[in-house]
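S.K.: Each chain is listed here by its residues.
Protein chains: 2
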Amino acid sequence: MNNVIIGQSGGPTAAINATLAGAYAEAKKQSADRVYGMLGGVKGLIDGNYIDMDDYINDDSDISILVQTPSAALGSCRYKLPEYSDEPETYEKLFDIFKKLEISCFIYIGGNDSMDTIAKLSAYAESIKSPIRFMGAPKTVDNDLAVTDHTPGFGSAAKYIAATVKEIICDSSVYDIKSITVIEIMGRNAGWLTASAALAKGDDCVGVDLIYLPECAFELEKCAETVRKLLDKKNTVVIAVSEALRDKNGDYIVTTGSVHAGLDAFGHKIMSGTGQFLAQYLGKTLGVKARGIEINTLQRSAAHFASKQDLDESFAAGAAAVRAAFDGKTAEMAVIKRASDTPYEYKIETADINMIANVEKTIPREWIINDGTGVGEDFIKYCRPLIMGEVMPIIKDGLPVHMKFNKRKGI
Amino acid sequence: MNNVIIGQSGGPTAAINATLAGAYAEAKKQSADRVYGMLGGVKGLIDGNYIDMDDYINDDSDISILVQTPSAALGSCRYKLPEYSDEPETYEKLFDIFKKLEISCFIYIGGNDSMDTIAKLSAYAESIKSPIRFMGAPKTVDNDLAVTDHTPGFGSAAKYIAATVKEIICDSSVYDIKSITVIEIMGRNAGWLTASAALAKGDDCVGVDLIYLPECAFELEKCAETVRKLLDKKNTVVIAVSEALRDKNGDYIVTTGSVHAGLDAFGHKIMSGTGQFLAQYLGKTLGVKARGIEINTLQRSAAHFASKQDLDESFAAGAAAVRAAFDGKTAEMAVIKRASDTPYEYKIETADINMIANVEKTIPREWIINDGTGVGEDFIKYCRPLIMGEVMPIIKDGLPVHMKFNKRKGI
Numbered sequence: 034m035n036n037v038i039i040g041q042s043g044g045p046t047a048a049i050n051a052t053l054a055g056a057y058a059e060a061k062k063q064s065a066d067r068v069y070g071m072l073g074g075v076k077g078l079i080d081g082n083y084i085d086m087d088d089y090i091n092d093d094s095d096i097s098i099l100v101q102t103p104s105a106a107l108g109s110c111r112y113k114l115p116e117y118s119d120e121p122e123t124y125e126k127l128f129d130i131f132k133k134l135e136i137s138c139f140i141y142i143g144g145n146d147s148m149d150t151i152a153k154l155s156a157y158a159e160s161i162k163s164p165i166r167f168m169g170a171p172k173t174v175d176n177d178l179a180v181t182d183h184t185p186g187f188g189s190a191a192k193y194i195a196a197t198v199k200e201i202i203c204d205s206s207v208y209d210i211k212s213i214t215v216i217e218i219m220g221r222n223a224g225w226l227t228a229s230a231a232l233a234k235g236d237d238c239v240g241v242d243l244i245y246l247p248e249c250a251f252e253l254e255k256c257a258e259t260v261r262k263l264l265d266k267k268n269t270v271v272i273a274v275s276e277a278l279r280d281k282n283g284d285y286i287v288t289t290g291s292v293h294a295g296l297d298a299f300g301h302k303i304m305s306g307t308g309q310f311l312a313q314y315l316g317k318t319l320g321v322k323a324r325g326i327e328i329n330t331l332q333r334s335a336a337h338f339a340s341k342q343d344l345d346e347s348f349a350a351g352a353a354a355v356r357a358a359f360d361g362k363t364a365e366m367a368v369i370k371r372a373s374d375t376p377y378e379y380k381i382e383t384a385d386i387n388m389i390a391n392v393e394k395t396i397p398r399e400w401i402i403n404d405g406t407g408v409g410e411d412f413i414k415y416c417r418p419l420i421m422g423e424v425m426p427i428i429k430d431g432l433p434v435h436m437k438f439n440k441r442k443g444i
Numbered sequence: 034m035n036n037v038i039i040g041q042s043g044g045p046t047a048a049i050n051a052t053l054a055g056a057y058a059e060a061k062k063q064s065a066d067r068v069y070g071m072l073g074g075v076k077g078l079i080d081g082n083y084i085d086m087d088d089y090i091n092d093d094s095d096i097s098i099l100v101q102t103p104s105a106a107l108g109s110c111r112y113k114l115p116e117y118s119d120e121p122e123t124y125e126k127l128f129d130i131f132k133k134l135e136i137s138c139f140i141y142i143g144g145n146d147s148m149d150t151i152a153k154l155s156a157y158a159e160s161i162k163s164p165i166r167f168m169g170a171p172k173t174v175d176n177d178l179a180v181t182d183h184t185p186g187f188g189s190a191a192k193y194i195a196a197t198v199k200e201i202i203c204d205s206s207v208y209d210i211k212s213i214t215v216i217e218i219m220g221r222n223a224g225w226l227t228a229s230a231a232l233a234k235g236d237d238c239v240g241v242d243l244i245y246l247p248e249c250a251f252e253l254e255k256c257a258e259t260v261r262k263l264l265d266k267k268n269t270v271v272i273a274v275s276e277a278l279r280d281k282n283g284d285y286i287v288t289t290g291s292v293h294a295g296l297d298a299f300g301h302k303i304m305s306g307t308g309q310f311l312a313q314y315l316g317k318t319l320g321v322k323a324r325g326i327e328i329n330t331l332q333r334s335a336a337h338f339a340s341k342q343d344l345d346e347s348f349a350a351g352a353a354a355v356r357a358a359f360d361g362k363t364a365e366m367a368v369i370k371r372a373s374d375t376p377y378e379y380k381i382e383t384a385d386i387n388m389i390a391n392v393e394k395t396i397p398r399e400w401i402i403n404d405g406t407g408v409g410e411d412f413i414k415y416c417r418p419l420i421m422g423e424v425m426p427i428i429k430d431g432l433p434v435h436m437k438f439n440k441r442k443g444i
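Sequences listed follow chains A and B, in order. So the first sequence is residues 34 to 444, counted in the working numbering. So the second sequence is residues 34 to 444, counted in the working numbering.
Some hints here could point you the wrong way.
Since the list can't tell identical chains apart, any single copy or any two copies may satisfy a pair.
What the hints assert, rightly or not - Simulated pairs of lysine to aspartate or glutamate, DMTMM-like, Cα-Cα distance not exceeding 20 angstroms: (1) K437 x D236; (2) K322 x E410; (3) K133 x D87; (4) K437 x D237; (5) K62 x D129; (6) K429 x D374; (7) K362 x D430; (8) K341 x D430; (9) K341 x E423; (10) K429 x D237; (11) K267 x D80; (12) K234 x D284; (13) K162 x D265; (14) K394 x D182; (15) K126 x E116; (16) K317 x E135; (17) K429 x D129; (18) K322 x D182.
It is worth saying that the hints were derived from the structure and are not from the lab. If you're wondering where the values come from, they're calculated on a predicted model, not measured in any experiment.
Isolated chain A, as found in the complex (with noise of 0.2 angstroms):
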């Protein structure tokens, strides 16, 4: 009974097939008998559905390939589990399969509800006094998670992000007119990507002219009124947002009812599109061509133009949170600690799951400057390290070439 079963939860990330691929290696390097893949996450496991990844991966070259595809490949799912008294034949069920395995360790990489997960199957297997170890691995391009210091795939998303406003700011500035443009970026809580959209700025490029986040409170009318005089002095405003702002008391400048929410084909109120609506806005209000550029799931999955740095630590935080379960460790989660900024240094611990299942981290306030229009150096010294590196991709026929589980359903 030496067996790993590894799941996927949540949302996609551009790097969280490298915390699945650092973990099947430590888990071969333990000597693991057989390394088990969940199919769509803990619900796909209640439904029966998993791999041997030894079926899938051959060799290193396997590995390098699944450390360089984006989104889950093994499947996710948004499936909070029931508590024990709600639903208990879910938790038998779930053990049952665990004794047909004979796995050893469980190991679950996602974000702060994904560790819920990991909380409750840990707390059950004490109650029943089972030997198997659960941990967790984090992952999430929101950033949000707390006491690590900042969490896989966000360096990724970040460097995409920072590079495609880049290149935004050079498409917008094309021509000699008045103009603005609005990038709606991910990130409903907490503005870390939003803010990444700071790093475009140096020596050739003049950067975002301003920043809004979730963390401060959004009013339209002095949104225009900066606006405005930012144009009095240049030709093309770029402003990156997050995908929801909300205004000081807390609703949502696009979803409220408010006068300004819009309505689609259908006459149901715009869901999304913060970036879109401002961009009108602005437009309208100012009189000067305005475009609304949402970046999507292109920032989550774009694995095309990952970080290595955030690549590597995936990798090593997939592998630590195997190492700390086969040394005994439960119910906690794989920690990056910043160990230094300048050589940026970092190192791999365990943190206790209940300090970060359900809880989210936001950006500090004192690192947002300038009314809460943007973000400071602190912010910067912060994130620069994290996009640092690049992996030329394995390529085929011209494009970059994925691992596919060829027994996920329905694709």
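Given chain A's structure and the hints, the job is docking chain B onto it.
M.R.: What follows is chain B alone, placed relative to chain A:
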């Protein structure tokens, strides 16, 4: 009187600066005393805006940075030169500038509209017996220029789109639920870029399920029925659509006054958003989760994942335009001729500008298959060579470095 002036016109691409670099390098090789750059195309030049490119380009490293800089580094314009009979003073002003700058060759990098400028200026030069040669170099992500096999800029956009589509398919298929993803791609009249989504399919990727091109009339109800049947067989349906689909009457699906057209936040009809609209329509009609993704300007400026083949050809096309001008040619454009598919070989020739100006090339009808919902092997054979090869970007602080001509105003 041996100087060269180069301008960029029309929409940005990831390769237009490679053509500028090629033209600059060839001009130096041909012993041009000075190489000027129009700031903001011929419109900017009329207003007296230009630079001496030698002030910015010092060595081969600067050339390499220029090659990988997206968008038009000199700035661009969308400007139709008036007829001489309507505005003789504009022509006289331009030729005064040419005289002052001792210009012998005028090189204009652009699409079919921009080539109209070359046609008009060269005709005027002939009428006044000016010895100045006017040569065009092709550029457009849309790949819609006549005579040339394909256009510089298209290959890089197609490569980025195909890689991004692969990533979107990974991202969209992560959950074990039914879903529809509609990816909106540029190209109002010619579907070349939208068709390039077909390149994503391979051993490791199921590819997009449907491709709707502007070349074919679009039927909303028929599309919904096709998607319904697909969803009976698989979970994840991914569709690539042109930004400007039309019905059988030639009316745009989204901008027509039909009941399907949405209203924006100000009660205006939505002028873009075919993908978003179709996602909403299909999601509502079929009762399935649906997401619209607009790749937007990212697809034309994604220099961070450019095609080496495209950048090499773009550079060569710029050089060829200058070489031809020094050889005494005028009123022509550099064109790419395909010598062979396998192995792919090309050569650059020149062609009469009047064959190209204001003409638009669309996808051959026989390359479009499956009742207008896909493209066949003919397209793949045509397009695949154009996306081959990668150029590792020159990186500083984790991001690609760009060339910046600081004299451009108001950025």
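S.K.: Next, verify each hint and record whether it holds.
M.R.: Status of the hints after comparison with the structure:
1. K437 x D236: between (41 angstroms within a copy, 9 angstroms between copies)
2. K322 x E410: neither (31 angstroms within a copy, 40 angstroms between copies)
3. K133 x D87: within (18 angstroms within a copy, 73 angstroms between copies)
4. K437 x D237: Between copies only: 6 angstroms across chains, 39 angstroms inside a chain, cut-off 20 angstroms.
5. K62 x D129: neither (26 angstroms within a copy, 76 angstroms between copies)
6. K429 x D374: between (37 angstroms within a copy, 18 angstroms between copies)
7. K362 x D430: neither (45 angstroms within a copy, 38 angstroms between copies)
8. K341 x D430: between (23 angstroms within a copy, 13 angstroms between copies)
9. K341 x E423: Close inside one copy (5 angstroms) and across copies (18 angstroms); limit 20 angstroms.
10. K429 x D237: Close across copies (10 angstroms), not inside one copy (33 angstroms); limit 20 angstroms.
11. K267 x D80: Intra 58 angstroms, inter 18 angstroms, cutoff 20 angstroms: inter-copy only.
12. K234 x D284: neither (31 angstroms within a copy, 43 angstroms between copies)
13. K162 x D265: Neither: 70 angstroms inside a chain and 45 angstroms across chains, both beyond 20 angstroms.
14. K394 x D182: within (10 angstroms within a copy, 53 angstroms between copies)
15. K126 x E116: within (14 angstroms within a copy, 80 angstroms between copies)
16. K317 x E135: Answer is neither: 64 angstroms inside a copy and 45 angstroms across each miss the 20 angstroms cutoff.
17. K429 x D129: neither (42 angstroms within a copy, 53 angstroms between copies)
18. K322 x D182: neither (40 angstroms within a copy, 34 angstroms between copies)
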